[in-house]
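2 protein chains.
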Amino acid sequence: MSKQKRFFLSEEEIPTQWYNIQADMPNKPMPMLDPKTKKPMTPEDMFPLFSMEASRQEMDQEHAWIDIPEAVREQYKYYRSTPLVRAYGLEKALGTPAHIYFKNESVSPIGSHKLNSALAQAYYCKQEGVTNITTETGAGQWGCALSYAAKVFGLEAAVYQVKISYEQKPYRRAIMQSYGAQVTPSPSMSTRAGKDVLTVDPNNNGSLGTAISEAVELAMTTPNCKYVLGSVMNHVSLHQTIIGLEAEKQMEMAGEYPDIVIGCFGGGSNFAGISFPFMRHVFSGERKTRFIAAEPASCPKLTRGQFQYDFGDLSGLTPLMPMYTLGHNFMPANIHAGGLRYHGAGVIISQLLKDGYMEAMDLKQSETFKAGLLFAKEEGIIPAPESCHAIAAAIAEAEKCKETGEEKVILFNLSGHGLIDMAAYTQYLAGNLFDHEVSDEEVTRNVKELEQIIK
Amino acid sequence: MSKQKRFFLSEEEIPTQWYNIQADMPNKPMPMLDPKTKKPMTPEDMFPLFSMEASRQEMDQEHAWIDIPEAVREQYKYYRSTPLVRAYGLEKALGTPAHIYFKNESVSPIGSHKLNSALAQAYYCKQEGVTNITTETGAGQWGCALSYAAKVFGLEAAVYQVKISYEQKPYRRAIMQSYGAQVTPSPSMSTRAGKDVLTVDPNNNGSLGTAISEAVELAMTTPNCKYVLGSVMNHVSLHQTIIGLEAEKQMEMAGEYPDIVIGCFGGGSNFAGISFPFMRHVFSGERKTRFIAAEPASCPKLTRGQFQYDFGDLSGLTPLMPMYTLGHNFMPANIHAGGLRYHGAGVIISQLLKDGYMEAMDLKQSETFKAGLLFAKEEGIIPAPESCHAIAAAIAEAEKCKETGEEKVILFNLSGHGLIDMAAYTQYLAGNLFDHEVSDEEVTRNVKELEQIIK
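Each protein sequence line maps, in turn, to chains A and B. Residues 612 to 1066 (this note's numbering) make up the first sequence, in order. Residues 612 to 1066 (this note's numbering) make up the second sequence, in order.
Incorrect hints may appear among the rest.
Copies of the same chain look alike in the list, so a pair counts if it works inside one copy or between any two.
To be verified - Listed below are the simulated DSS-like cross-link pairs for lysine-lysine, each with C-alpha atoms no more than 27 Å apart in a straight line:
| id | residue 1 | residue 2 |
| --- | --- | --- |
| 1 | K737 | K616 |
| 2 | K688 | K703 |
| 3 | K860 | K616 |
| 4 | K806 | K965 |
| 5 | K650 | K616 |
| 6 | K703 | K737 |
| 7 | K981 | K703 |
| 8 | K688 | K616 |
| 9 | K988 | K737 |
| 10 | K1059 | K965 |
| 11 | K688 | K860 |
| 12 | K1013 | K649 |
| 13 | K647 | K981 |
| 14 | K688 | K988 |
| 15 | K1013 | K806 |
Just so you know, these hints were derived from the structure itself, not from any lab.
Make the full structure from the sequences, and use the hints.
This is the structure we're talking about:
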């Protein structure tokens, strides 16, 4: 490991506003549609499910800057600014002329960027008199963040965790329980959606789609209970822009500006967080930055999916969203990067990809762990399997610079650490980790069905 | 969770010297003895095993302040200063008038305080032309720190991990391997000590004592290879004083001074680190601070052991040390706080306890996890099982303040986070965690044998 260089902001320099990219987008995202009427949704249509403030933020295409509530900013100060690090060790190991920087979101108390939005959403719920919040989680990064945020603002949290994760990965479950959350394996007998699945298949292992349906149902049928979501939605991306806004100031401290900005990609929250603030200078014509979303080859919605209206969950309880998707029935392989196993992309990202403001790169699981281990050796931090995708993409770009001799500045987001994912590394180190191919038939099958939905 | 208040030092304020308490102790520690000749050891006697600089520091009773090498301080800056936190949430939950502070060593890249000494020892080895270092580890905190430090300074690391931990807790092993260390389950066939054990008992699960014997043997029989140790030794305590020296400055920023300083206790490294700098003001008569070492009731060397010359390892390869001990044959119950499962205390601590400068408190495993969970809920950090002992002791003292109404200032060291120990929490939350009683017969049996050793 070579000497690292780290950049921090003082408390006063931590941003006081989030950046709402919708206001500046040349082409606004198409509207979400009510699943029953197929008419465009209004913020009011979302009030029964989400907090009012989150609902308003979701559809706000006017205000480019939105104030971070003081109580949320106070909580941010507990772990922010997160460090911007010049990865000298990685550069040297690669022998690249590129300058590689990463934003280290793994230093948050729950180990990932997810807390940035969990705190905001929990705060708004509390302000609006909500007493209970509910969500779904797969491997558990988001569930941990939400459990922590609920505790901070004095709310009760109920988390539906995909049953196979609940059983096979008990550690994040234990973290959620340590923060006082009630964690239920999904499918469960506590909801109609869960019962329906279990009636047909008593041993069903669960899926994110089912867990979302259960959480949504609980929120809709419980007084003073709201649903909160950890990715995909516009207001979640908004809250995550704190990452890129800090990085912008920190890059200035380093005296550089990124040519390429990279984030791993599941529903879009951390990619949006690191990218959107830099993208506004591309809209304005000031800069020509490239933005790369790094997704798993086994869940290739951006590189091989179609732009189409689709549901966010399995049962079709969510609004219809215009998104790059593999179809809400697509069942991704059980890769270790659980946070990237989602069939669709958020509506803003989908529009930006369509309009050519960003690119996507797909990466094989083995390639990402190889990259993650090199990063661990050179930079001392064991990355989350999700973050390994961003690292692998950054390495691919740095290798290109080596060929061309270009001294490009590459910035990627280290969305979280992998300390709860050591089982995955153990498997990789033992040579027991395989790649998952997705056939063209799988990619197109589910999307074809979609075409019927909005007719 | 209430608002936390955190105190940081600027880079310039990070201490430039460690504090060597030996120079100021009213009664110096008794000498270590050569296991063969029973004569006092000199630094030169230790050169074959340890780096020369560590050997000199081990016996230095003259210099109260020892410079931190610039290269080590540069590495410290990567994660130091660690935060000093006022635990308002915990205070509120307890309803105590006490002011509770903790020093958060869990923010280091490997998640515990162990790195403070690993970096120093690896650096000295590198400076002295050593190419390979070896050590033992139980659960793996120290092994991870050493693997990381070896990578930083370009050394090869070989770690003997107690076999039952190697098999049952593969995650810290994977972390060590991620940093490039060679990890061998102990007992192994790679050493005489290991072979001897396996010949008698092919299915032997290993112990810290056996693993130490193996690492020592490897160092003694390999060119350019030194042994490094993570606790017990004086030079390790010396390197850890960075914790207390920072805390002293940070408490000043908070405008308070601790009445009570607490650390959990295995071999002594983190307790020494937080305590020794404050203790010098007690020696000088300026202050009347109390110091409490929190040990597991199942390994009660300080509260129930005897002051006696004993070996540091099972096979008797180490020097004889004057220590509070349960006997080097004592086999502690398999509690989750693996870092506290050691039969003896370092020689400085033993002298200080004998002289009444510090106290010890023993805690049941269930009590420590209960305390750890309250802490996690109120302060947002899941503590290592070892650190839970310090938290439980701090809570016990804060509860006393509640009874008496005293507004005491309590400072404890949070030696590490528990993210790799979630299996233990899972067990506790499921009600499957039991306490281990130690009989008087067990406590005295092994120590009686010791009386023969130095005759």
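Comparing the hints with the structure gives:
1. In the homo-oligomer, the alpha carbons of K737 and K616 lie at most 27 Å apart only across protomers (22 Å), although the nearest pairing inside one protomer, at 39 Å, exceeds that limit.
2. Taking the closest pair of Cα atoms, K688 and K703 come within 27 Å of each other only across two copies (21 Å); inside a single copy the shortest separation is 33 Å, beyond that limit.
3. Taking CA atoms no more than 27 Å apart as the test, K860 paired with K616 passes in both settings, with 15 Å inside one copy and 25 Å between copies.
4. For the homomeric pair K806 and K965, neither the shortest alpha-carbon distance inside one copy (39 Å) nor that between copies (65 Å) is at most 27 Å.
5. Neither within a single protomer nor between protomers do K650 and K616 lie at most 27 Å apart by alpha-carbon distance, with minima of 52 Å and 49 Å respectively.
6. Taking the shortest alpha-carbon separations for K703 and K737, only the inter-copy value of 20 Å comes in at or below 27 Å, while the best intra-copy value is 48 Å.
7. Proximity of K981 to K703 under the C-alpha cut-off of 27 Å is restricted to the intra-copy arrangement: shortest distance 17 Å within a copy versus 46 Å between copies.
8. In the homo-oligomer, the alpha carbons of K688 and K616 lie at most 27 Å apart both inside one protomer (21 Å) and across protomers (10 Å), since each shortest distance falls under that limit.
9. For a Cα distance limit of 27 Å, the shortest separation of K988 from K737 across copies, 18 Å, qualifies, whereas the shortest one inside one copy, 43 Å, does not.
10. Taking the shortest alpha-carbon separations for K1059 and K965, only the intra-copy value of 19 Å comes in at or below 27 Å, while the best inter-copy value is 79 Å.
11. Proximity of K688 and K860 under a CA criterion of 27 Å is satisfied in both settings, with 16 Å inside one chain copy and 21 Å between copies.
12. In this homomeric assembly, K1013 and K649 never come within 27 Å of each other (Cα to Cα): the closest approach is 51 Å inside a single copy and 61 Å across copies.
13. In this assembly of identical chains, the alpha carbons of K647 and K981 never lie at most 27 Å apart, being 46 Å within a copy and 49 Å across copies at closest.
14. When the C-alpha separation of K688 and K988 is checked against a cutoff of 27 Å, the pair qualifies only between copies, where the shortest distance is 19 Å, while the shortest distance within a copy is 29 Å.
15. Taking the shortest alpha-carbon separations for K1013 and K806, neither the intra-copy value of 56 Å nor the inter-copy value of 49 Å comes in at or below 27 Å.
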